[in-house]
Each structure stands twice: as structure tokens, then as C-alpha cells.
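Got chain C; can you put chain U on it based on the hints?
In order, the protein sequences belong to chains C and U.
Sequential numbering from 2 applies to the first sequence in the numbering used here.
Sequential numbering from 47 applies to the second sequence in the numbering used here.
Keep in mind that the hints are not guaranteed to be accurate.
A partial selection of chain U residues facing chain C, derived with a Cβ cut-off under 10 Å [unchecked claim]: (1) Met-47; (2) Leu-106; (3) Arg-171.
Bear in mind the hints are in silico, worked out from the structure with no lab data behind them.
For each residue, glycine too, the CB sits at the ideal point set by N, CA and C.
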Amino acid sequence: MPHEILRTAQVASVLGGMSAREKRSYEAAVDALRGEGCGAGGYRLVAADGDDYPLCCRHLAYAWRMFTAYPRKKQVVIVALDKHERDHNPAADLAEVLPGLATVGRKRSAKPPCCEDAADPPAMNEELSELLSALS
Amino acid sequence: MGKRDAQLVTEALFTLVDAREAIENGHSDAALDALEEAQEVLISVKHTPGVSVAAASERLGVSEPTIRSWVKRGALEAVAGARPMQIEPQSLHRVSRALAELRERGRDRDWLQAVVDHLHDREARGSEALREGLAQLGRGRLEPA
Numbered sequence: 002m003p004h005e006i007l008r009t010a011q012v013a014s015v016l017g018g019m020s021a022r023e024k025r026s027y028e029a030a031v032d033a034l035r036g037e038g039c040g041a042g043g044y045r046l047v048a049a050d051g052d053d054y055p056l057c058c059r060h061l062a063y064a065w066r067m068f069t070a071y072p073r074k075k076q077v078v079i080v081a082l083d084k085h086e087r088d089h090n091p092a093a094d095l096a097e098v099l100p101g102l103a104t105v106g107r108k109r110s111a112k113p114p115c116c117e118d119a120a121d122p123p124a125m126n127e128e129l130s131e132l133l134s135a136l137s
Numbered sequence: 047m048g049k050r051d052a053q054l055v056t057e058a059l060f061t062l063v064d065a066r067e068a069i070e071n072g073h074s075d076a077a078l079d080a081l082e083e084a085q086e087v088l089i090s091v092k093h094t095p096g097v098s099v100a101a102a103s104e105r106l107g108v109s110e111p112t113i114r115s116w117v118k119r120g121a122l123e124a125v126a127g128a129r130p131m132q133i134e135p136q137s138l139h140r141v142s143r144a145l146a147e148l149r150e151r152g153r154d155r156d157w158l159q160a161v162v163d164h165l166h167d168r169e170a171r172g173s174e175a176l177r178e179g180l181a182q183l184g185r186g187r188l189e190p191a
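Okay, chain C solo, but in the shape it has when bound (with noise of 0.2 Å):
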């Protein structure tokens, strides 16, 4: 049984400025994620603290990120699509400091999966439920 992908209103107001080939790209991850759920969600973030955060984010064409959410079982929610700004990298001012730091980060298949099992995808944990709350 396919997943139920739901998106925000975000997701909506990005896609209508999208070039074909963006579309396409993002279309080609919505069939994935309906298909493997969480499977196809690309990698986990990883929390401040360290521990896993309960989002994922999968890379798209021409460095665009989509980040989703899974509330419930066979439910994945993107939240939102954000273009990563390829001049601004976190970690060059380190680099100065620490000559042996490759700044372009880890290789996405090195990084944590989105989930493991695609019938135990990343649950809204009290941190994420919090910043919900926060936010809405």
C-alpha cells in the first residue's frame, strides 16, 4: 500500500518557481517517497545535542533540499524544499583552523539514513513537537 504524501504550503509556493527540470527532479522523490516512505528520504539530520532529529532531508537537483516528516505510519509530510546557498558554508571559517577539515561535509551515503525500516520511519520526538508548538 503506497504512503499518503502530504506537503505545506511552502512546498507549494517554492514548486511554482521551479524550472522543468527542478519539477521533474521533485516529482521523481515524491513516486520514491510513496513507494519506500521514509526509504527514500535521503539521510537523517542529526540533532545540537548529537542524537538523531526527527527529520530528513534528501538532496534534489541543482542543490535544492527536501525535508520531511513523518507524523504518522504510511504518512510522510514534505515541509519544505530550500535551495542551499553553495557560497555559504558553515564550516569555511573552521577550516582556517583546522587545516584537515574537508568543508564540503561527509558524502550523503556516509551520512545516517533516513530510517532504517521503512515501517519504523523517524518519530516526532518532544524536541520537534516543541518547536511545533513554538512556531504554530
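Positioned in the frame of chain C, the structure of chain U alone reads:
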């Protein structure tokens, strides 16, 4: 530097030599007294309250733009009202110690990689687009994709 200040600096140098000899001979109390005396003498020499950006850059081993960027982000403190910019010596000392620790740990490549991942993920979590999307998710404003 005037003649009087030059004499004070010479006096402080001699006192520092005394402090060093006291340490070598295991007289830590005498060494501390001598260091305190040298500090007082040097404070009485006319000096600016902060450290120039160029000197801070040399001390920390990073570029001057990085020093300015760290001041902007609050990692270093600038002396209020100083033009051109001067760095608070205490904050410079604090950052210098932190950098020494970072450089020590930075020999561990796994640790370095974890730092980069942490920075990139922090940047992603702080994205304005994500905050907007999360606020809409919190309000339940969702539509089929």
C-alpha cells in the same frame, strides 16, 4: 613610547626574570609575587585597552576577516567605542585556549568529520524555509503532494 614608560617596561622585564628564576628554584610564592609586580608595572605603562585585529589574527593564526567575522558572531569581543576595532584581551585569551584544544582534537579525522556534519546539519535545521514549513505543519496546513 616615552622615556618613563620605557624604563617601566625594562623594570617589568627584570621582574619577569626574577619570576622565572624563582620557578626554576621551586619558589612558587616568590614567583607569583614577582609576576604580580610585573603585571602592576606593565599596567601603569600607557597602553590601549585592547589588541589590534592584526595582532589578534597573528595570535590566533587566522586571517583578519575571520577575526572580524568572529567579533560579529560574538565569539570575540571588541572594545566598546574603539576605532579602529580592538579586541578585548580576555576574550582573545579565551578563544586562544579554545582553539588550542580544537587543534589538538582536530588530529582525529573522525572527530573533524563529525564537526563538519554538525555544522552542516545545524545550518539545515536553521533554514528559514524549514521554519516556515514547520510552522505550517504545526498549524496542520497541509495538502496532498
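So, going through the hints one by one against the coordinates:
1. Hint status for Met-47/U relative to chain C: violated, with the closest Cβ pair at about 33 Å, above 10 Å.
2. With a least beta-carbon distance of about 8 Å to chain C, the hint placing Leu-106/U at the interface is held under the 10 Å criterion.
3. This hint holds: Arg-171/U has a C-beta 6 Å from the nearest C-beta of chain C, less than the 10 Å allowed.
Violation of the numbered hints given earlier is confined to hint 1; every other hint is satisfied by the structure.
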